[in-house]
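Residue numbers (our numbering), protein chains in the order written: chain C, 1 to 253; chain B, 1 to 296.
Think of the hints as simulated: they come from the structure by calculation, not from any bench. For clarity, every value in this text was computed on a predicted model and none was experimentally measured. Take these hints with a grain of salt, some might be off.
Taking lysine-lysine and the DSS-like style, the derived pairs with C-alpha atoms no more than 25 Å apart in a straight line are [unchecked claim]: (1) Lys6(C) with Lys58(B); (2) Lys10(C) with Lys29(B); (3) Lys29(B) with Lys43(B).
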Amino acid sequence: MKRSQKLAYKREFEASKKDGKPFFPYAVAHDLIVATATLGVVIAFAVIFRVEIGEPVNPATTDFVPRPEWYFFFLFELLKIFEGEDALTPVIMATFIVPNLLMVLLIIWPFIDRGPERRIWRRPVSVVTAIVVIFMLAYLTEEGANSPGGAVAADELEIPGIENFPEAEAGFELYLLNGCASCHMINGVGAPGPGPDLSKEGEKGRTDEWQIGHLKNPPEFVPGSSMPAFTNFTDQQYQELAVFLNGLGTDFN
Amino acid sequence: MSTEATPQDQEDRTARAAKDIGPTGPITKATDMTLEYVDERTKVVPDVKWMMFRKIPKETSWFQTLGFTALVIFAMQAVTGIVLAMFYKPDPATAFNSIEVITDEVTWGWLVRGMHKWGASAMVIVVFLHMGRVFFFGSYKYPRELTWVTGALLLVLTMFMALTGYLLIWDQKAYWATVVAVNITASAPILGPYVADILRAGPEFGPNTLSRFYSLHMLVIPGAIATLIGIHLYLIARLGISEPPYSKRLMKARREEEDARRRAAREQLPHGRKPVPAPGTTPQREPVTADGGGSS
Ligand code: HEM
Chain C
1 MKRSQKLAYK REFEASKKDG KPFFPYAVAH DLIVATATLG VVIAFAVIFR
51 VEIGEPVNPA TTDFVPRPEW YFFFLFELLK IFEGEDALTP VIMATFIVPN
101 LLMVLLIIWP FIDRGPERRI WRRPVSVVTA IVVIFMLAYL TEEGANSPGG
151 AVAADELEIP GIENFPEAEA GFELYLLNGC ASCHMINGVG APGPGPDLSK
201 EGEKGRTDEW QIGHLKNPPE FVPGSSMPAF TNFTDQQYQE LAVFLNGLGT
251 DFN
Chain B
1 MSTEATPQDQ EDRTARAAKD IGPTGPITKA TDMTLEYVDE RTKVVPDVKW
51 MMFRKIPKET SWFQTLGFTA LVIFAMQAVT GIVLAMFYKP DPATAFNSIE
101 VITDEVTWGW LVRGMHKWGA SAMVIVVFLH MGRVFFFGSY KYPRELTWVT
151 GALLLVLTMF MALTGYLLIW DQKAYWATVV AVNITASAPI LGPYVADILR
201 AGPEFGPNTL SRFYSLHMLV IPGAIATLIG IHLYLIARLG ISEPPYSKRL
251 MKARREEEDA RRRAAREQLP HGRKPVPAPG TTPQREPVTA DGGGSS
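All chains, please: the whole structure from these sequences, using the hints.
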């Protein structure tokens, strides 16, 4: 900002204070009214919508599909938007690049928009940007609220046609019991990330050996993979999981 | 705007005390004496008086109460949080049970827990609305850039409070949601895996994870928030609260400025106040553009 503009601001602000009023009691009174009303609303909510008690944690049975608090819905939805063929890039976009970019932009905003103009209708670019961002956040939150991957247990996950493949059914059991659904989604049930949607995994044409190797040591098959290695299954179980995964989107579903 | 008690102040006060012969009620007298006592020992009274009675612009808006509301909700979260901490047991074996006890057995426990839970949502909403008003008023502009930066950090920390607090309930929903949140963190490149290890207190979710979230939620983040709020409020008091950009006074001043500029431009036309040129002649000067005069 130019020196003359800074001086103009100072002169203007001094003028606004000259015929101003004291902080106490005027501002304090307004503050107290709004803050008390808000506290009242919070207490009313606490009384009307009583807190509930859920089920105690059981890390062994992970057939539970998680759902974050509503203020993180937009991040969750972001994961779905960037879903694509390639598993890694979209996850990095949604978990890292977009949120961090937004956060940094938010923090340094005053150093980007430096003009002295404060009247709303004279700052069309920043005001329109803000409105677009607000609508996007509202939309993503709303989508998250309606998402089918809500607080449902993973055993509500249905895969039509799987009953004809006993080996795949056993693999499906393992999938539910080992927390895969807390990173993956099938037919809209499960977490939208960080792992890719597996509904059409079979269509990728992976071999069973590939799937087994990937489960044992993901980074060897997908460089940079952040999926944990699953090393404790028996050979039989690895085979069942592989058949289940490669059948998704082809043999059943 | 003096912030220090000068010898002058001291003299004024004694002079006033000596001259004051009107009837003084016992309450006024007691107040004066107390203030005098405190001021002699702390030198803080003039600062507080300045703080309370400093002038703010006349036409402040109701939207400018949201920051204070966020502050009050933070205070409520601190108080209800302290009460909850008196009964909560941060151990995977007992955490869930202690939440049950708070909800079902402790007197008013359900209310305190409910206020803390709904307060978390309210705080996110109010802080967001407060940020919106600061944005649309253009209040982040010179000289308040750093106030905005501390505020933006406060928003991020508020979200982290929400994230870390959710796990403490230790029920299935919270546990698995946090597992996913940490997994998502782990999938970020470069620092992701390390941050995830720090959050989990190791490569796996375990008993130490709960202690870690407990300490973040109870000590680290609230401490950071309290410090930043302190800086935020200091800056606001020092710089003064901004005037809404649509206030009548400001609009009038802007209008007068504009008029003056137009008048000056007209004076400079070759034909004085009659900018209609005689046939055949052209004005010698370029038309004056809007930015010609500047706002000075
Ligand atoms: C814990 C959260 C916060 C608290 C307790 C808080 C508190 C306050 C208070 C009490 C004020 C005085 C005026 C008013 O009430 O509007 C204020 C002003 C301000 N806040 Fe915040 N705030 C918070 C978060 C934020 C955030 C997220 C931002 C923006 C990113 C922000 C930016 C500002 C700015 C720039 C001002 C000066 C506005 C002016 O002078 O008109 N604050 N804040």
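Numbers of unmet hints, in rising order: 2
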